[in-house]
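Chain D: place on chain Z using the hints.
2 protein chains.
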Amino acid sequence: MNPMPRVLAFDIFGTVVDWHGSIVREVQALAPAVDANAFALAWRAGYQPAMQRVRSGELGWTRIDELHRLILDDLLPRFGLAHLDETRRQHLNRVWHRLAAWPDAVAGLTRLKARFTLCTLSNGNIGLLTNMAKSAGLPWDCILSAEVFRAYKPDPRTYLGVAQTFDLAPAEVMMVAAHQDDLAAARGCGLQTAYIQRPLEFGAANPKDVSPDPANTLHARDLLHLADLLGCP
Amino acid sequence: MNPMPRVLAFDIFGTVVDWHGSIVREVQALAPAVDANAFALAWRAGYQPAMQRVRSGELGWTRIDELHRLILDDLLPRFGLAHLDETRRQHLNRVWHRLAAWPDAVAGLTRLKARFTLCTLSNGNIGLLTNMAKSAGLPWDCILSAEVFRAYKPDPRTYLGVAQTFDLAPAEVMMVAAHQDDLAAARGCGLQTAYIQRPLEFGAANPKDVSPDPANTLHARDLLHLADLLGCP
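In the order they appear, the protein sequences are chains Z and D. Under the numbering used here, residues 93 to 325 are what the first sequence spells out, in order. Under the numbering used here, residues 93 to 325 are what the second sequence spells out, in order.
Pulled out of the complex, with its shape left as it was, chain Z reads as follows (with noise of 0.2 Å):
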């Protein structure tokens, strides 16, 4: 029997905010003529392999911010945008601080909050994740992220961090997560885990496989529904 969680600690990118939605609204806002949801999905697939010139040691410590605009000046000239200036490739690195959040997701955090503490586990920087949480009304009582720990998910010192920050025993802390292979890290540290189906992660082009796997503590279709479970009235 598993002990009631004390701290549930989140991911972010494609579990409490839509990335692939946001960027496809900001591009084609921005040059109508782009493949919006190929330029998304691009953008975030250059994210693994960014992490890992890190998480090897070719790359010193480097936050997010500086990962996505690598990564975003390789993309612009496949995509015909290499004409973009300075400032507006800074403001467009800048829409992960400005994704918007699934609609389940401040009402969900917020009746969560009142029996938990909610954290953030992502590997977003701490100003990334302070920002969209002040622009998409995410109600964190604390912004925790790879980069407090110097490390990126999966590493196990990110999700062991989180239970040493609050002095916890690695099963009173549940990691919630739209992701398997985030959840089964965080899983071998001894955490607690709950899935959250994402269908539309990628856009509706690209329908994901959200089948439940019977490692996971909780299995729930969004937020409200993970507070259900969790009898948060």
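In case anyone wonders, no lab produced these hints; they're calculated from the structure. Computed from a predicted structure; not experimentally measured. Some hints could be false.
Remember, identical chains collapse to one label, so a pair may be satisfied in a single copy or spanning two.
[What the hints assert, rightly or not] Computed list of lysine to aspartate or glutamate pairs in DMTMM-like fashion (alpha-carbon distance at most 20 Å, straight line): (1) K226 / D259; (2) K226 / E264; (3) K205 / D314; (4) K226 / D196; (5) K205 / D259; (6) K226 / D301; (7) K205 / E178; (8) K300 / D314; (9) K205 / D233; (10) K300 / D273; (11) K300 / E178; (12) K226 / D157; (13) K226 / D247; (14) K300 / D233; (15) K300 / D259; (16) K300 / D196; (17) K226 / E118; (18) K205 / D320.
Frame of chain Z, contents of chain D only:
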């Protein structure tokens, strides 16, 4: 002419919460015969020397929770409380997580939050500051702490760390504190500074000099007055 700050970084102990009054109340309830005022002052007096052991390298990185406990264990026999068992020591040590806000704090911060990003910049650890925010209702956008920067104030890495976290120039950050030495160190790093009068920080028996230092950008009676001075309705 100073730019309008974007981020306000708050010292916590004494500036936002009343450590002296909170400790006096808990010690009086626990042990009516003890001089609770002297106990609170002695516990706090151990704080700078304990951090100095970390700054000097005598101790490796040690969180305030652990430093508070070292001081407490030294203090209890001096106040006739050597018999306190481990559970009660742990509970008493966490009084720092339960400190009460000054009466103006929640309303003042709520007004300021509508216009600025509000973060903590305290030597308190992240878990302590998060638990305190939850129990006292402090509406931070982000919990920053010596623990994030692995250095205690007045180390420049803490003040400059806030600016770097948010990709701002130091002058776009305003340090808010009830302690002139904290503000002087922040100013030395290029931050703007706001002094908050807390004449009763050390209790009614030990009123504190709260005269203005013209080197500060602002001088406020409390956080409601700071909101007035910064034009926050």
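Could you tell me which of the numbered hints above are not met by this structure, giving the numbers in increasing order?
6, 7, 11, 13, 14 and 15
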